[in-house]
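Q: These are the residues of each chain, in order.
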Amino acid sequence: MIQARIVKLFAPGPESAGFALDVAFDAASGVTVLYGASGSGKTLTLDALAGFVAPDAGRVMLDGRILFDAEARVNLRPQARSCGYVFQNYALFPHMTLRENLAFAAHQLPRLERHRRIAELLDRFKIPDLAGRYPRELSGGQKQRGSIARALIAQPRVLLFDEPGRGLDTALRTDLHSAILDIRKTHQTPIVVVTHDLEECLAIADSVLIYDAGKIAHRGTPLELLRNPGTPSVARLLGDFNIYEAEVIMLDPGRQTSRIRMLGQDLNGPHLRGCFKGDRVALCARPEELRIAGKPGENRIRVSATVRTTERPQSVRVDFGNDLVIDVPRETWRGRPEDIWIEVPPESLRQLSRDAKTETPKASERAR
Amino acid sequence: MMDWFPLWLSLEVASGATLLSLLFGVWLAWLLVNRNFPGKDVLDALATLPLALPPTVLGYYLLVIIGRSSWIGRAWEAITGTPLVFTWRAAVIASTLHAIPLLIKSSRAALESVDRACERAGRSLGASEWRIFWRVSLPLARRPIAAAAALAFARSMGDFGATLMIAGDIPGRTQTASIAIFDAVESGNTKLANTLVLVISVVTALIVFLANRLERRRP
Chain S
3 MIQARIVKLF APGPESAGFA LDVAFDAASG VTVLYGASGS GKTLTLDALA
53 GFVAPDAGRV MLDGRILFDA EARVNLRPQA RSCGYVFQNY ALFPHMTLRE
103 NLAFAAHQLP RLERHRRIAE LLDRFKIPDL AGRYPRELSG GQKQRGSIAR
153 ALIAQPRVLL FDEPGRGLDT ALRTDLHSAI LDIRKTHQTP IVVVTHDLEE
203 CLAIADSVLI YDAGKIAHRG TPLELLRNPG TPSVARLLGD FNIYEAEVIM
253 LDPGRQTSRI RMLGQDLNGP HLRGCFKGDR VALCARPEEL RIAGKPGENR
303 IRVSATVRTT ERPQSVRVDF GNDLVIDVPR ETWRGRPEDI WIEVPPESLR
353 QLSRDAKTET PKASERAR
Chain Z
254 MMDWFPLWLS LEVASGATLL SLLFGVWLAW LLVNRNFPGK DVLDALATLP
304 LALPPTVLGY YLLVIIGRSS WIGRAWEAIT GTPLVFTWRA AVIASTLHAI
354 PLLIKSSRAA LESVDRACER AGRSLGASEW RIFWRVSLPL ARRPIAAAAA
404 LAFARSMGDF GATLMIAGDI PGRTQTASIA IFDAVESGNT KLANTLVLVI
454 SVVTALIVFL ANRLERRRP
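Order-wise, the sequence lines are chains S and Z. The first sequence begins at 3 in my numbering and counts up by one. The second sequence begins at 254 in my numbering and counts up by one.
Each hint should be verified, as a subset may be incorrect.
[Claimed, not checked] Which chain S residues face chain Z? A few, computed with CB under 10 Å, are given here:
#1 Asn77
#2 Arg79
#3 Arg83
#4 Pro130
#5 Gly134
#6 Pro158
#7 Cys277
#8 Phe278
Source of the hints: derived by calculation from the structure; they are not laboratory data. No residue lacks a Cβ here, since even glycine has one placed at the ideal position from N, Cα and C.
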């Protein structure tokens, strides 16, 4: 179990803006994904956990053991932290064969045990025939598996992955995700994965921390986040959301409904928390939850021309402009009517917090 | 009869100087790359100084530092019973000082070019800094360092000014090939001068060729 509060400040330079990382989170066994745009502080967090970067303030604990504590002036060396790190470029030693790479990591084990562990991990990651090859003789996927095997052989208490799927094709990424999920099944160690790839995040995460400009903007399981992105900025980071500004015309707390003006039309809306008549609210809807219709009706918006269509595995994504993107079943889109109306079911609209500020650590955490 | 002593002495002095330069040069380069300490900039500048100073000035400094009246010179004499200056050992020291900037500069560039992620991987796998240096950084930087050592050897072979100042020109004891060439030209012994010049040129050319080959090959 990782309990971390990490603060790291970078003062602005003559040609660079300043940056402040201020995050607090717990990561139990299972896969915790740090998801966000490049430059939001994800890899910096990973480096602070591994001991490559010393935070300016905060505390990092792993299974009850203090790895870093700014106040107590504790900062364990990376060697003493038992953090397995799988690097973005794999970082296999280029002058050693795959077997020698693994042996380097297992140097503390007795000779026979070392050989047994190496053989076991080479088998497990389906690379026993490649043991004598140098990294330059391996493909990206093979290097990736070798790198994970090397990290595991040192028997870490936590496994850190930095952008593991970067540069891999779809098939290899699927293999990688299976390997990570397999480790989750067989090891009780927490796994922390940094990625800016939403598909990867949703494929492997048990819980997700959404990073935005050095802060954790939102957290939850993938399903929770997709159901409730919380703020417009998180909804944008999670992609695939139509985000709208709406004006509250009427509220009916008894029926848990509302009436809103959105996209120039009055529509039935969901129950809106903390709103009054006349307020402006941010709402979002997923493209697959909006429906296409051939005639006017309840909660339908008339659209004119399509801006762009994109083929997707199960559907066609149609962009009508004005932040109106919808996924239409391929058959429906082929037989589409002349006049197109988009139905916006009230339950598809989710309220977003107007305050786009990111989470700040709890008061108890701040006191540390 | 041709006297080959100056040539053998030059090879011995250059070997000793290269070995010392390798030991101290790589260590200093590692310090400059991996550690932050007060006076790092001063050390960096001092490491380059022998490249810029005239050899006679370097020799003079050495006379002051390890001469018979300096505390180092006196300590050496008290322990070994012989002075340090005007011996082959002094020639090794002079040549080391002459060659070490090359090794520091090249080793530093070589160590800096080692993928940081590999060193970090070593740390995350629990390896000590010493083990990472021996098993990861040094093997990855070995070719440019070996090339620099070859060039340092060639440079040590050719040292004249500093060696003359600190080791003198004692035939059969401290007279290196460079100094013997100067003596031979002065005394009109063209045959000896030509032979030594030819041998030194061939040896140096071979070393430069080797250094270039080492630098070009991938790790």
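Q: Now, for every hint given, state plainly whether the structure supports it.
A: Hints and how they fare:
The closest approach between the C-beta of Asn77/S and any C-beta of chain Z is roughly 13 Å, which is over the 10 Å cut-off, so the hint fails. Taking 10 Å as the C-beta contact cut-off toward chain Z, the hint placing Arg79/S at the interface holds, the least distance being around 7 Å. With a least beta-carbon distance of about 8 Å to chain Z, the hint placing Arg83/S at the interface is held under the 10 Å criterion. Evaluation of the Pro130/S hint against chain Z yields a violated restraint, the C-beta minimum of about 21 Å exceeding 10 Å.
The restraint placing Gly134/S at the interface with chain Z is violated, with a minimum CB-CB distance near 18 Å, outside the 10 Å limit. With 10 Å as the threshold, the beta carbon of Pro158/S comes within range of chain Z, its nearest partner Cβ sitting at about 8 Å, so the hint holds. For Cys277/S, the interface hint is violated, the least distance from its beta-carbon to any beta-carbon of chain Z being 50 Å, above 10 Å. Given the 10 Å rule on beta carbons, the hint for Phe278/S is violated: about 54 Å separates it from the nearest Cβ of chain Z.
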